[in-house]
Amino acid sequence: MSKGLPKRSEDYSQWYNELVKRADLAENSAVRGCMVIKPYGYSIWEKMQAELDRMFKETGHTNAYFPLFIPKSFLSKEASHVEGFAKECAVVTHYRLKNAEDGSGVIVDPDAKLEEELIVRPTSETVIWSTYKNWIQSYRDLPLLVNQWANVVRWEMRTRLFLRTAEFLWQEGHTAHATKEEAMDETVQMMNLYAQFAEEFMALPVVKGRKTENERFAGADETFCIEAMMQDGKALQAGTSHFLGQNFAKAFDVKFATKEGGLEFVWGTSWGVSTRLMGALIMAHSDDNGLVLPPKLAPIQVVIVPIYRAEEELNAISEKANEIMAALRKVGVSVKFDNRDTHKPGWKFAEYELKGVPLRIAIGPRDLENGTIELARRDTLTKSTFDLSSEPIEIMIPKLLEEIQDSIYQKALSFRKEKTTEVNSWDEFQEVLNDKAGFVSAHWDGTSETEDKIKELTKATIRCIPLDQKEEEGKCILTGKPSQGRVLFAKAY
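If you're matching positions, the sequence shown starts at 8 in my numbering and goes up one per residue.
Mixed in with the good hints there might be a few duds.
[Stated by the list, open to error] Here are the computed lysine to aspartate or glutamate pairs in the DMTMM-like style, where the Cα-Cα straight-line distance is at most 20 Å: (1) Lys187 to Glu206; (2) Lys215 to Glu229; (3) Lys343 to Glu320; (4) Lys262 to Asp228; (5) Lys418 to Glu206; (6) Lys460 to Glu222; (7) Lys64 to Asp239; (8) Lys257 to Glu188; (9) Lys406 to Glu206; (10) Lys466 to Glu480; (11) Lys262 to Asp148; (12) Lys303 to Glu58; (13) Lys343 to Glu409; (14) Lys351 to Glu319; (15) Lys406 to Glu330; (16) Lys14 to Asp348; (17) Lys327 to Asp294; (18) Lys443 to Glu17; (19) Lys498 to Glu220; (20) Lys45 to Glu17; (21) Lys28 to Glu360; (22) Lys390 to Asp348; (23) Lys257 to Glu189; (24) Lys488 to Glu435; (25) Lys466 to Asp239; (26) Lys482 to Asp452; (27) Lys241 to Glu463.
It is worth saying that the hints were derived from the structure and are not from the lab.
Sequences are here, hints too, so could you generate the full structure?
Written out as structure tokens, the structure is:
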């Protein structure tokens, strides 16, 4: 199954593209720039979605749904917002087709032009804040904590499955608060929630930080983010949380009556993660044999493969496999018994290795005689024999899955530490970027001009100003001007 899969060391980009397709995660669609997420890929996204949705609800958020179409005039109400998204917008101008008179097919009916063009949602701040004007009158209506699961369209010319497509799936939270402090607390809380999800479920270590003014979300006063390291040394922004101040409240005149009887604009936030997390999951953990999935997000955590020659042997193995499955399912482990007679065990081993199933159990006639099973771990590609009488399988397997989850996280954490370098000069900065890649911790003078110049010269951007940044006087690597602390640079997806 993984035969011919490009090696990461030879062509990382091709390795990624091939793996996404061969592991049955996604494929390019007939619509340029869009993708079809296949059932196996979508089942991973569903597990992500379920965990995030649970976490959102535990922090007091509820789900709603808002229109796909946004009146063009809405985007004009917040100047920096429209400037940030104008080049990526898909626009609906007509509402009807008709048959061409020459019989060549359907054409746009010129008489069906919309009075006002509609934008296919690139993000929903404008349409949601226009709605919040009707929902919020008093301090009693606050805070308003809403999330929606949706698709968005941002017209991309250069696309890559999961990482950058014209249409993608995501969630977007939009909250309204009575005070600046409450809104800021919400913004930080959601960044921390994303970091917790990435580390506990995706086994993906992240750096929490603030974006520079250049990298801020269009229309936000402050953007917080989590940044992750991929195996090729490039960074990937894995989630963002935005403090919107009163910008959208003022744009859409969303005011509330205070306890004291006054009238004030509300304070807002927005935050989101997308199917880009699928790309992060693949690139952070997988190897030259295929996917490596953390057990907490694997659609199939354990697969049982029978090894037999005669029908009687299969029947006996099936009985034992059914016992194991029943015991594991009682403790919440997802398990599959692959008793297909259309493929040999070796083919099945390769298939589940390619698809990243964390744990494989093989059972043959000799195992039945000895009361054992063979265990194969996907993360380490190691095999061992387990005596079924030594410990109940419903205790042993969950412990082993936890060990695999932690092992995958620790490996990614060690890699990130190895790929994070402090530098103090421009020459050193360029050398590390070119030869080692990864996160480069360096001093910056705090100006947009310097940030732009570094990006122009090296293609590296400031990924974030880490929240745990220590105050440290230094000199900017490019200009030599004073700096109060280090920021993280990297080339990024």
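Hints, verified against the model:
1. Our distance criterion of 20 Å between C-alpha atoms is broken by Lys187 and Glu206, whose separation comes to about 29 Å.
2. A threshold of 20 Å between alpha carbons decides the hint, and for Lys215 with Glu229 the separation of about 14 Å falls inside it, so the pair holds.
3. Between Lys343 and Glu320 the CA atoms are separated by roughly 19 Å; this keeps the pair inside 20 Å, and the hint holds.
4. For the proposed pair Lys262 and Asp228, the alpha carbon gap of about 19 Å is at most 20 Å, so the pair holds.
5. A threshold of 20 Å between alpha carbons decides the hint, and for Lys418 with Glu206 the separation of about 12 Å falls inside it, so the pair holds.
6. Taking the CA atoms of Lys460 and Glu222, the gap is near 14 Å; set against the 20 Å cutoff, the hint holds.
7. For the proposed pair Lys64 and Asp239, the alpha carbon gap of about 35 Å is over 20 Å, so the pair is violated.
8. For the given pair, Lys257 sits about 18 Å from Glu188 by alpha-carbon distance, which is consistent with the 20 Å threshold.
9. Distance check on the hinted pair: Lys406 and Glu206 sit about 18 Å apart at the alpha-carbon level, within 20 Å; holds.
10. A threshold of 20 Å between alpha carbons decides the hint, and for Lys466 with Glu480 the separation of about 26 Å lies outside it, so the pair is violated.
11. Our distance criterion of 20 Å between C-alpha atoms is met by Lys262 and Asp148, whose separation comes to about 11 Å.
12. At most 20 Å may separate the alpha-carbon atoms for a hinted pair to count; Lys303 and Glu58 meet this at roughly 10 Å.
13. The suggested pairing of Lys343 with Glu409 holds, with an alpha-carbon distance near 19 Å, which does not exceed 20 Å.
14. Our distance criterion of 20 Å between C-alpha atoms is met by Lys351 and Glu319, whose separation comes to about 17 Å.
15. A hinted pair counts as satisfied when its Cα atoms are at most 20 Å apart, and Lys406 with Glu330 qualifies at roughly 19 Å.
16. Taken as a hint, the Lys14 and Asp348 pair is broken in the structure, with Cα atoms around 31 Å apart against an allowance of 20 Å.
17. Annotation: proposed proximity of Lys327 to Asp294 is violated, straight-line Cα distance about 32 Å (limit 20 Å).
18. Between Lys443 and Glu17, the direct Cα distance comes to roughly 16 Å. Compliance with the 20 Å bound is thereby established for this hinted pair.
19. For the suggested pair Lys498 and Glu220, the alpha carbons sit about 18 Å apart, so the restraint of at most 20 Å is met.
20. Restraint check: the Cα-Cα separation between Lys45 and Glu17 comes to about 27 Å, which exceeds 20 Å; the hinted pair is violated.
21. Restraint check for Lys28 and Glu360: the C-alpha separation of about 15 Å stays at or below 20 Å, so the hint holds.
22. Between Lys390 and Asp348 the CA atoms are separated by roughly 24 Å; this puts the pair beyond 20 Å, and the hint is violated.
23. A distance of roughly 18 Å separates the Cα atoms of Lys257 and Glu189; the hinted pair therefore holds under the 20 Å criterion.
24. With a CA separation close to 17 Å, the supplied pair Lys488 and Glu435 stays within the 20 Å bound.
25. Of the pairs offered as hints, the one joining Lys466 and Asp239 holds, with about 15 Å between alpha carbons and a cut-off of 20 Å not exceeded.
26. Our distance criterion of 20 Å between C-alpha atoms is met by Lys482 and Asp452, whose separation comes to about 7 Å.
27. Of the supplied pair hints, the one linking Lys241 and Glu463 holds, its CA atoms being roughly 17 Å apart against a limit of 20 Å.
The structure is inconsistent with the numbered hints 1, 7, 10, 16, 17, 20 and 22, although it conforms to all the rest.
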